[in-house]
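Engineer: Each chain, letter by letter, is given below.
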Amino acid sequence: MEGAFLNQGASVDKGENARLSSFIGAIAVADMVKTTLGPKGMDKILQKVSEGDQSVSVTNDGATILRSVMLDNAAAKVLVDIARVQDDEVGDGTTSVAVFCGELLREAEKLVNERIHPQTIAAGWRMAQKIARKALEESAVDNSDDDAAFRADLVRIAKTTLSSKLLTHDKDYFANLAVDAVMRLKGSNNLDHIQVLKKAGGQLKDSYLEDGFLMDKQIGVGQPKRVENAKILIANTSMDTDKIKIYGSRVKVDSMTKVAEIEEAEKDKMRQKCEKIIAHGANVFINRQLIYNLPESIFAERGIMAIEHADFDGVERLAAVTGGEVASTFDHPELVSLGECDVVEEIMIGEDKVIRLGGCKSGAACTIVLRGASSHLLDEAERSLHDALCVLQATVKEPRRICGGGCSEILMAQAIDREVVNTPGKKAIAMAAFATALRQMPAIIADNGGYDSAELVTQLRAKHAAGGSNWGLDMYQGKIADMIELGVMESFKSKYQVLMSASEAAEMILRVDDIIKCAPRQRNEGY
Amino acid sequence: MSLIYDEYGRPFVILKEQQAKARVKGLEATKANIIAAKSISQIVRTSLGPKGMDKILVSPDGDVTITNDGATIMDRMEVNHQVAKLLVELSASQDDEIGDGTTGVVVLAGSLLEQAEKLLGRGIHPVRIAEGFEKAAEVAIKTLGEIADTVPFSSDNLDPLITTAMTTLSSKIINVDKRKMAEIAVNAVVGVADLERKDVNFDMIRMEGKPGGSLEDTELVNGIIIDKDISHPQMKKTIKDAKMCILTCPFEPPKPKTKHKLDISSREAYEKLYQQEQDYFKQMVQQVKDSGANLVICQWGFDDEANHLLLQNGLSAVRWVGGVEIEHIAIATGGRIVPRFSELSEDKLGKAGVVREISFGNTKERMLVIEDCANSNAVTVLVRGGNKMIVEEAKRSLHDAMCVVRNLIKDNRVVYGGGAAEIACSLAVSSYAETIVGVDQFAIRAFADALDDIPLALAENSGLDPIQELAAAKSRQMKENNPLIGLGLNGDAGEDGSRATNMKEIGVFETLVGKQEQISLATQVVKMILKIDDVITMGQYQ
Numbered sequence: 001m002e003g004a005f006l007n008q009g010a011s012v013d014k015g016e017n018a019r020l021s022s023f024i025g026a027i028a029v030a031d032m033v034k035t036t037l038g039p040k041g042m043d044k045i046l047q048k049v050s051e052g053d054q055s056v057s058v059t060n061d062g063a064t065i066l067r068s069v070m071l072d073n074a075a076a077k078v079l080v081d082i083a084r085v086q087d088d089e090v091g092d093g094t095t096s097v098a099v100f101c102g103e104l105l106r107e108a109e110k111l112v113n114e115r116i117h118p119q120t121i122a123a124g125w126r127m128a129q130k131i132a133r134k135a136l137e138e139s140a141v142d143n144s145d146d147d148a149a150f151r152a153d154l155v156r157i158a159k160t161t162l163s164s165k166l167l168t169h170d171k172d173y174f175a176n177l178a179v180d181a182v183m184r185l186k187g188s189n190n191l192d193h194i195q196v197l198k199k200a201g202g203q204l205k206d207s208y209l210e211d212g213f214l215m216d217k218q219i220g221v222g223q224p225k226r227v228e229n230a231k232i233l234i235a236n237t238s239m240d241t242d243k244i245k246i247y248g249s250r251v252k253v254d255s256m257t258k259v260a261e262i263e264e265a266e267k268d269k270m271r272q273k274c275e276k277i278i279a280h281g282a283n284v285f286i287n288r289q290l291i292y293n294l295p296e297s298i299f300a301e302r303g304i305m306a307i308e309h310a311d312f313d314g315v316e317r318l319a320a321v322t323g324g325e326v327a328s329t330f331d332h333p334e335l336v337s338l339g340e341c342d343v344v345e346e347i348m349i350g351e352d353k354v355i356r357l358g359g360c361k362s363g364a365a366c367t368i369v370l371r372g373a374s375s376h377l378l379d380e381a382e383r384s385l386h387d388a389l390c391v392l393q394a395t396v397k398e399p400r401r402i403c404g405g406g407c408s409e410i411l412m413a414q415a416i417d418r419e420v421v422n423t424p425g426k427k428a429i430a431m432a433a434f435a436t437a438l439r440q441m442p443a444i445i446a447d448n449g450g451y452d453s454a455e456l457v458t459q460l461r462a463k464h465a466a467g468g469s470n471w472g473l474d475m476y477q478g479k480i481a482d483m484i485e486l487g488v489m490e491s492f493k494s495k496y497q498v499l500m501s502a503s504e505a506a507e508m509i510l511r512v513d514d515i516i517k518c519a520p521r522q523r524n525e526g527y
Numbered sequence: 001m002s003l004i005y006d007e008y009g010r011p012f013v014i015l016k017e018q019q020a021k022a023r024v025k026g027l028e029a030t031k032a033n034i035i036a037a038k039s040i041s042q043i044v045r046t047s048l049g050p051k052g053m054d055k056i057l058v059s060p061d062g063d064v065t066i067t068n069d070g071a072t073i074m075d076r077m078e079v080n081h082q083v084a085k086l087l088v089e090l091s092a093s094q095d096d097e098i099g100d101g102t103t104g105v106v107v108l109a110g111s112l113l114e115q116a117e118k119l120l121g122r123g124i125h126p127v128r129i130a131e132g133f134e135k136a137a138e139v140a141i142k143t144l145g146e147i148a149d150t151v152p153f154s155s156d157n158l159d160p161l162i163t164t165a166m167t168t169l170s171s172k173i174i175n176v177d178k179r180k181m182a183e184i185a186v187n188a189v190v191g192v193a194d195l196e197r198k199d200v201n202f203d204m205i206r207m208e209g210k211p212g213g214s215l216e217d218t219e220l221v222n223g224i225i226i227d228k229d230i231s232h233p234q235m236k237k238t239i240k241d242a243k244m245c246i247l248t249c250p251f252e253p254p255k256p257k258t259k260h261k262l263d264i265s266s267r268e269a270y271e272k273l274y275q276q277e278q279d280y281f282k283q284m285v286q287q288v289k290d291s292g293a294n295l296v297i298c299q300w301g302f303d304d305e306a307n308h309l310l311l312q313n314g315l316s317a318v319r320w321v322g323g324v325e326i327e328h329i330a331i332a333t334g335g336r337i338v339p340r341f342s343e344l345s346e347d348k349l350g351k352a353g354v355v356r357e358i359s360f361g362n363t364k365e366r367m368l369v370i371e372d373c374a375n376s377n378a379v380t381v382l383v384r385g386g387n388k389m390i391v392e393e394a395k396r397s398l399h400d401a402m403c404v405v406r407n408l409i410k411d412n413r414v415v416y417g418g419g420a421a422e423i424a425c426s427l428a429v430s431s432y433a434e435t436i437v438g439v440d441q442f443a444i445r446a447f448a449d450a451l452d453d454i455p456l457a458l459a460e461n462s463g464l465d466p467i468q469e470l471a472a473a474k475s476r477q478m479k480e481n482n483p484l485i486g487l488g489l490n491g492d493a494g495e496d497g498s499r500a501t502n503m504k505e506i507g508v509f510e511t512l513v514g515k516q517e518q519i520s521l522a523t524q525v526v527k528m529i530l531k532i533d534d535v536i537t538m539g540q541y542q
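Sequence order for the protein chains is A and F. Per the UniProt record's numbering, the first sequence starts with residue 1, numbered consecutively. Per the UniProt record's numbering, the second sequence starts with residue 1, numbered consecutively.
Computed footprint of chain F on chain A, listed as stretches where at least three residues anywhere in the stretch have a Cβ under 8 Å from a Cβ of chain F:
| no. | segment |
| --- | --- |
| 1 | 6-15 |
| 2 | 66-78 |
| 3 | 252-262 |
| 4 | 493-507 |
The calculated lysine-lysine pairs, modelled on DSS-like cross-linking and capped at a C-alpha distance of 30 Å, are:
| no. | chain 1 | residue 1 | chain 2 | residue 2 |
| --- | --- | --- | --- | --- |
| 5 | A | LYS130 | F | LYS180 |
| 6 | F | LYS282 | A | LYS231 |
| 7 | A | LYS463 | A | LYS40 |
| 8 | F | LYS272 | A | LYS269 |
| 9 | F | LYS474 | F | LYS135 |
| 10 | A | LYS397 | F | LYS228 |
| 11 | F | LYS142 | F | LYS474 |
| 12 | F | LYS237 | F | LYS348 |
| 13 | A | LYS267 | F | LYS282 |
| 14 | F | LYS531 | F | LYS31 |
| 15 | A | LYS276 | A | LYS217 |
| 16 | A | LYS397 | F | LYS237 |
| 17 | F | LYS31 | F | LYS85 |
| 18 | F | LYS25 | F | LYS135 |
| 19 | F | LYS178 | A | LYS426 |
| 20 | A | LYS110 | F | LYS178 |
| 21 | A | LYS14 | F | LYS118 |
| 22 | A | LYS426 | F | LYS180 |
| 23 | F | LYS261 | A | LYS252 |
| 24 | A | LYS40 | A | LYS479 |
| 25 | F | LYS259 | A | LYS269 |
| 26 | A | LYS130 | F | LYS178 |
| 27 | F | LYS351 | F | LYS228 |
Pulled a few chain A residues facing chain F out of the computed Cβ check, cut under 8 Å:
| no. | residue |
| --- | --- |
| 28 | ILE82 |
| 29 | VAL85 |
| 30 | PRO118 |
| 31 | GLU316 |
| 32 | VAL512 |
To be clear, the hints were calculated from the coordinates, so they are not data collected in a lab. In this text, a Cβ means the ideal position worked out from N, Cα and C, and glycines have one as well.
The task is simple: from the sequences and hints, build the whole structure.
Structural biologist: Take a look at the structure:
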């Protein structure tokens, strides 16, 4: 009835209908990514549908999948959003957060059908969430005081993250690579300073962490291809025309000779600028913007290596790696600190030329060179590695770790179950549902591996009840095992964020009883 | 129909048929309007109260908003019907005036109209109904004034304020950590309030949201947070004892407003101009430096050259800061906004204890925090949450809570929630009805019934038996002559099987102004709708 008073094309879903539509939407999205969960999870092919661009990517990363799917369901959009936030905050666990939220809603649907008020369910969930959080915090271990143990933890965490990804076969290799890269940052926590360079060719195993710094750029014509004991001036200045920035100025002359004169003046200005730059005493000049032929030739004459068009991140990374400063004016050479490194040279990776800066003054940035058979493979490898790097970085910030392999989920579920029996009222049912949803996570991981999930999860539960609180799933043997012995670790931050955002989002969807859709904006055809 | 004949018998068109798309007249019109308004109020009805549900609103572009706030729901709904639009405005004006009770006012208006419809069916003239409602509203507002209680609070006893804020928050999604959220809202308001003058400057409270973390990470920052970062990666990221110059002019050579052209006709002129330009930059930076500033906040951008000059001079800078933010910074730090470099001087600088850049998660998102401002009464609430929608909703809810706290500071009289105030008014209005002779009596009694609808809706939304709960609370109010009895929606059933509770004991109250405003605004709109007897929808010329 309400529809009649809204704009045309708008619709209102009420009560059961609304709940059904939001539950189904959210659960469908969760089910879509469910099969990618865990070390035996499967990948998805994403194909773009726009005309002219039908490119394909293959991925296992929840956030990437969810971001690429076009959805027309409000609740499903909430799920996509939490996965995105998880990606931004921690970088890993993007699939888990969507799947856990979906499982919570699946349980909620059952309870709603038993005529339990959504607000009661929400209240029960909140209590359960508190208990789970406490259990999680108690099980977390902080090894950050002991460098060797902490490093071992980091490697284990990286391995756990990578094991569900494409890089699983070489996970030992890549885990160490990622840990080395993150340790290089020395806690600066800026992932921009880790550059991932993808070069097709070779195999994944050929990837390596360059101890210098690589730039996918060209050295100017006629300039030295190798400079030792380089002093680097990093600049962000226009080396093309360098206009005079006074509004309304234009050239108006009355004869050809004057045009020539002014042209000469312009060139002089550029020459002066080059002279000033040279006066800094640098033998390598790297600019963010273009370098035109004239300054390039001047630099070549002076034997200075000039590299143009380093992108913005590149310049910042360079500044971090060489300890130089990004300069835009050149009047005070004494104030500008130059970057230093042992050698700047052009090297070949596969078929491509790149510039390598070796022996940098402060190694606060680094480059990982990824090799692989195809660009799809490389893209996915980069995503996997990025996830691992993100998790490691988050762990450096928040050094606590927990056991993986579904161990922490069972731990939280058991803690909730213990409290359920002491809770009077309908909330207890909702709490039990929360625990069931938590237990679904290892079940899904087992299912994805083709194992008997019911059998394994119940075994695990019994083990936990008997005090084996470090036991989880061993996905390679298909049985339960002590996670500490197996070395399956996860970052506390990531699991914590999964728990919090999934339950917040599930509560949010649960509380909805109306969906009011406005009429879609009319798009003019012909664009 | 709209055709008449002039004195010569020629036809004369008053309203072109093609032009009027639709026309409804008389009782038909009134009834059609009532139906439209009622159905709109039905939508928000389920959002009322602590167990109220949320709505998903999908905008024309497919963006999702999830909210419990009446005003937001009404606003985003894109209502088409004229009379329904009146209700949208009704909740908007409650939002502007009071900030809370936006759902309640619409529900009340809806039930008033429902009662009016019944009376219309009995053949009572709409205007008489309107008059009766008006009288009843006066009585109700007076009753509210009589049963109102004052809450004593002072700057060292903020508990009553926190309790009120908690009542407001209990219907929102952020009731996870109600107490903490309420404290944030209260501290924010008290932080900027002038308790002497009973005035709160809302402009001094900023709300920034950032998805990530969870709702419990929401915090109150004593200072200002702006969503900007320092312009050069190598500038200092933490500035202690910051002295900032707040500029609204770009780091560029001046642009005269008059249109002009500058012709370069010779080599000398070109070189001179170049020199001039270089000097401008140096002069600008020098002026900033001379004023003693160590941080530049600029409303506009500046190019790489200026940026580097600032860096070389040891000045940190922030560019593209929005106009509103600039004003906030200026007020909070006690600085003056400087429109021209030549006017910079030391006394115009804003001062703050610490200015630092903080980063979130592993994306490049950074924010600038200005703390310990000289003029310390500026606060920012940094709202965190698992997703974008929850952050937005938390912001709206906190805003509501702050509005309530502000109202309490302005006027510390309260009435009790959980339907207690409505029941008390309803009792007063119906006993007043007995004293009135004439048709108005029916209208006044109907008004009392409409007031009962609020506690009914509250009980309904909580999954309780509405009639039983209302009857129990009403009879206890009568028996004990105690206007504080309301519906204890969270509690357990008492001996008599109902949840009627003394609301003062469980500390559920709302501001008096808010409730009075609800009744008077709702009555006004209803009167307006009742008085319409002709709806002409103008079509396009054909």
